[in-house]
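Residue numbers (this note's numbering), protein chains in the order written: chain A, 1 to 368; chain B, 369 to 736.
Everything hinted at is true.
Just so you have them, the derived chain B footprint on chain A, three or more residues with Cβ under 8 angstroms:
1. 99-109
2. 161-171
3. 174-180
Calculated cross-link-like contacts (lysine-lysine; reagent style BS3-like; alpha-carbon spacing at most 25 angstroms):
4. Lys298/A - Lys252/A
5. Lys334/A - Lys252/A
6. Lys76/A - Lys252/A
7. Lys702/B - Lys450/B
8. Lys529/B - Lys119/A
9. Lys161/A - Lys487/B
In short, the hints are calculated from the structure, not lab data.
Idealized CB from N, CA, C, for every residue including glycine.
There are 2 protein chains.
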Amino acid sequence: MRGLDPWGTGLPEDYARLMQEFGIGDFRELLPRIPDPLPLMTRGVIFGHRDFERVLDRMLRGERYAVMTGLMPSGKMHLGHKMVVDQLIWYQRRGGEIFLCMADMEAFSARGLPYERSKEIAFEEYLLNCEALGLELERCRVYFQSRSAEVQGLAYSLARKVNLSEVRAIYGFSGETHLSHLYYPMIDVADILHPQLEEFGGPRPTVVPVGVDQDPHLRLARDVAAKFSEEYGFLPPSSTYHRLMRDLFGGKMSSSRPESALFLTDPPEVWERKLWEALTGGRPTAREQREKGGEPSKCLVYELCLYHFLPGDRELLEMRERCERGELICGDCKREVAGLARAFLRELEERREEARARVEELLREIYP
Amino acid sequence: MRGLDPWGTGLPEDYARLMQEFGIGDFRELLPRIPDPLPLMTRGVIFGHRDFERVLDRMLRGERYAVMTGLMPSGKMHLGHKMVVDQLIWYQRRGGEIFLCMADMEAFSARGLPYERSKEIAFEEYLLNCEALGLELERCRVYFQSRSAEVQGLAYSLARKVNLSEVRAIYGFSGETHLSHLYYPMIDVADILHPQLEEFGGPRPTVVPVGVDQDPHLRLARDVAAKFSEEYGFLPPSSTYHRLMRDLFGGKMSSSRPESALFLTDPPEVWERKLWEALTGGRPTAREQREKGGEPSKCLVYELCLYHFLPGDRELLEMRERCERGELICGDCKREVAGLARAFLRELEERREEARARVEELLREIYP
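All chains should be built: construct the whole structure from the sequences, respecting the hints.
Listed below in structure tokens is the structure:
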């Protein structure tokens with residue numbers, strides 16, 4: 001039952017097994033119907049979904065739908081988070097109403113972070129970078145869990161039909177589990193369902209783009225939506241699942257391993273240094289690599305390009321082929337990618353500074 | 369562990385055993401130090417306490433202390449509730465800062481009552497009657513749990529140091545327990561401790577006058593106060609325990625048994641009818657009663673006088689002696705008590721109507 005643990009740090013090995021075990025649909029089957037899909041979609045990074053057709057139909061007909069996701073403001077924002085933001089931007093340009101949750105109650109229960117600290121991190125790391133990446137926060141519903149009486153009130157209402165056995169089966173809580181942690185899933189479910197409350201736009205298809213480790217929350221949210229379908233008119237939330245981005249050594253990218261994660265506020269020279277240490281698909285010697293070619297599927301530098309730095313398929317394919325033919329040696333490749341990364345970071349920093357006053361004002365509005 | 373169940377309907381039989389088992393102190397020992405005690409105190413209705421000295425010392429020195437209690441607005445207010453209000457009035461006249469909680473989140477999780485309905489009941493039953501009985505609500509901090517971001521926020525903060533095993537040991541929750549019910553004790557603990565938050569006056573002695581069935585919440589609140597003594601400076605809350613008022617047939621007085629409970633909004637003739645059915649300490653025949661005398665300790669009509677209608681000890685003693693000597697026969701006694709009850713109800717109704725506009729305004733302020 002517990003192959004997916006939203007609070008764990010492991011990287012699920014076998015996505016196919018997960019899809020089968022938990023009934024996650026194959027996203028590739030929907031691709032032909034999706035206009036102008038993201039590279040993350042065509043490249044199989046977003047690999048699974050539940051009920052995404054429901055949202056897609058709305059999008060294609062130009063009808064209302066909501067997009068909901070949360071970011072836990074407990075550490076620095078890294079490239080793994082950027083994947084989510086890229087999707088939000090894509091939806092925002094396609095008529096989606098974006099609900100963006102700053103999960104400070106999760107940061108509190110899971111990491112012990114005081115709300116005031118979460119607020120600072122949310123601003124400096126998450127909100128500034130979201131806006132700088134191209135998300136128009138002014139047009140989103142951005143909120144902090146700890147400030148939302150609606151979400152907290154809804155969580156408690158929904159908790160009336162969720163019992164201890166259910167959450168234990170999903171999350172495997174034990175006697176040592178603290179009540180804030182045990183109750184937290186209800187906050188998360190309320191985050192996911194509240195866009196369908198009348199005061200937030202009423203029942204409508206909602207997609208939650210998440211890393212596959214978040215699926216337990218989604219399953220619970222769907223169960224709860226069904227239990228309250230009569231009372232609130234909830235539709236079961238749709239979801240898409242992306243692979244968890246790996247860090248430079250092949251683990252899950254996480255702010256708790258700063259040496260192997262690429263943070264959006266790192267200076268370019270720090271990225272360069274980290275990149276230099278990255279695990280690649282190279283061979284033991286340059287000579288052997290020229291003969292046999294490299295192995296891009298094992299290479300974490302290639303993964304960076306696949307996920308982020310080479311949105312053009314032609315360029316990506318060219319890099320792959322040069323590597324496989326032994327023409328592109330790791331040192332040269334890293335220098336090329338470092339150049340792309342540097343350009344990305346410099347632009348991002350500029351845009352952050354340009355966005356600062358705007359985002360400060362937004363924060364004052366939503367978190368006085 | 370579970371002799372006391374705050375959500376049960378039973379009447380704990382053996383108060384002495386409970387006091388010993390749970391370390392509740394003997395209230396009678398403090399009586400000599402209490403100036404102008406309530407009849408409920410001198411008559412042993414309030415029989416137990418924890419750390420009440422701490423509050424008493426403050427009261428005697430004219431220093432600040434808080435009094436906190438909650439009423440669940442899920443049904444009609446009856447004479448059992450009046451006991452609590454009598455105590456609040458007593459404290460209010462002796463410098464206590466009164467925090468009065470309308471426990472609508474409890475009404476929701478325990479009885480499934482929507483907040484809007486709780487609000488109506490809180491107004492028509494609890495707030496109007498409190499004011500009519502003599503509590504000056506304007507000088508109290510009256511609040512609804514569902515409207516208090518402070519209490520809800522504190523509950524979640526405190527839940528970080530309470531684990532599942534602890535609440536199971538106290539409340540005996542099972543797998544079927546819903547999460548709203550399981551989490552509710554944290555709301556209750558936050559109710560009890562929030563008067564000590566800086567924004568509500570800071571750490572200071574607080575007494576919670578409750579029925580003895582509420583002791584589990586108090587024990588949890590004291591445990592939690594100790595865990596957070598450094599972070600928030602909490603003093604462990606003090607408490608006093610009163611016997612649970614019995615209904616006219618000897619069960620626990622409860623709004624779920626309307627025929628045997630005396631509601632404050634009943635018309636006088638309804639009380640008269642209910643009184644007529646009440647269990648007494650009378651003998652099978654009037655003749656036997658004249659010979660042997662009645663048994664006031666078994667008599668629920670006598671209990672009404674003891675708790676409410678004969679605050680003067682001389683009058684109460686006289687009634688008792690007349691009964692025991694066989695001079696006062698149940699029918700006559702009931703007629704006398706019905707007269708007292710009628711006068712009480714009439715005055716209460718008048719005072720309710722006189723208070724209505726005032727309490728409406730208060731409600732608009734605290735629950736817009």
